[in-house]
Amino acid sequence: MATNTTIEELHARYAAGETTPSEVCRRAIERMEQENPALNAYITIDREGALAQAAAMDAEIRAQLDAKPLAGVPVAVKDNMCTAGLRTTCGSKILGNYAPQYTATAVRALKEAGAILIGKTNLDEFAMGGSTENSAFGPARNPHNPEYVPGGSSGGSAVAVAAGHVPVSLGSDTGGSIRQPASFCGIVGLKPTYGRVSRFGLVAFASSLDQIGPFANNVRDAARVLQAIAGRDRHDSTSADVAVPNYLNALTGDVRGLRVGVPPECFGEGLDPQVKDRVEAGIRKLQERGAEIVEVHLPHTKYAIAVYYLIATAEASSNLARFDGVRYGLRADDPRSLSDLYRRTRDEGFGPEVKRRIMLGTFALSSGYYDAYYEKAQRVRTMLVNDFAEAFRKCDVIATPTAPTPAFKLGEKSDDPLAMYLCDIYTVTINLAGVPAVSVPCGASAAGLPIGLQLIGNHFDEARLLNAAFAVEL
Amino acid sequence: MSRKRPAGLFPRRPLAGPSQKSMPITQTEVEKIADLANLALTAEEKQSLSVQLAAIVEYIDQLNELDTSGVRPWQQRSAGEAATSAVTRADQVEPSLGQEAALAQSPDQDEGHFLVPRVIG
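Line order of the protein sequences matches chains A and B.
Take 1 as the starting number for the first sequence in our numbering and just add one per residue.
Take 1 as the starting number for the second sequence in our numbering and just add one per residue.
If you're looking for bench data, these hints aren't it; they were derived computationally from the structure.
Just so you know, these numbers come straight off a predicted model, no measurement behind them.
Backbone N, C-alpha and C fix where the C-beta goes; we use that ideal spot for every residue, glycine too.
Which residues of chain B face chain A? A partial, calculated answer using Cβ under 8 angstroms:
1) A34
2) L39
3) Q52
4) A55
5) S106
6) V116
Whole structure, please, built from the sequences with the hints as guidance.
Here it is as structure tokens:
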């Protein structure tokens, strides 16, 4: 799917006067509407709003190209980011027809950079899942082969880019939800450093892990989107007051002297041999371009899934307590009491995976189990953070597979929650440590399913990280 | 196939269900947790959750292999890790949502209030 239009190609066509935002958006919407019955990538397509915004840009587009890095670029956004007046469902029945009163900072930043929001994309309910099968609006499908999942939880946003509907989209990543679908769909997906991008208006799943980031056809487009959305936001106290460098300028492709850490424990048993082969080829490419390969160790990685599923579910059980049928969203009919209203609304509104996680998180935080589970997990999280600090003394970026296998078939893992959780082994540690990571395509399986290489950077070192990914892509 | 591979990250034991020695998550336990979580579960949900949660908790119990005495529980840092900044601001009134907009999404409202079933008899 290398023929998908990039932002730079689109801008060249605008500059040459070959097309207009209205024409580009109309064509994008047509394709989305045509293919959505098969791919189910979108929960809402904002035809009217997008075409109105595009029409307002038509006359000025050539003059806007220098000032606005995303001028006239159609985009799609995961449906867990608030968009004022435009339905935001989180893939859940409980939010039903919720139309937020405000817009998420990252979405606002895209629009200020000139982007035109066309669609809200399908996701695992409240971003809980790795296949986009846990959506109240039905599963999304992989454009490379519709029998396979696109990954998740930001599956719809990955499909939007991989199918060529839009050049870039936004997802959110709590344990791999941008990187894994990017890997499964053969595109670039970046989870920035925790605090790099504002979470204001992102419906919270696990607040110490959630981060918004871009999907794109190439690293340059991903860098362009990161540039637009990165930075401090007074509405999110965890957004970092750290200078935002020029990410596009960092993409030289020169990786001479770059130290690439490879942890052997990430290439052991359980890794699909084809994935191993393609990922190792990607690493060799960096070596051929002058990077130095060094062995590093992340000794506590095998505990990461256990830590993640305690911390993420504990935070989720607290964050999702707000969905009670009182102020917005679904309310159960004829409640007998306030307590009955809460319980039946939540039982009718939440799907099975969300209930499972609320239950696990409530268990981990409950009296008698808090020390043994939640606090134990927070101690091991410290050990995982220290693993990365130690590794980054020896290297500049770390290379691993993004996922242990290529995309799996719909229904293949949906009956076994633990088997599904174990697919996140290479991605969850990154969120626990708060560091940035990108999945970049490095080949395909014999069956033609894409495979991603994950590169991990140190805190706020996205410029170097993206340059390494750019060198893999060259 | 005798090629040596480093130890993997995946558990060797089958994951299908809880083993004999795993701490059982009884239905009573599930009901207690559901009560804390404000979830009204069906009998079927309680049954399947008790099996699934037991399997997950058994997997999680591998954390007990690690000696974490002397390791501090993780906390959000103010520098490096997240570089979050001070969360206070001047105590000044700023534009906010307003009552009408705040109530606009409510399933039931009356005279500027969210309406819920009577709490006090």
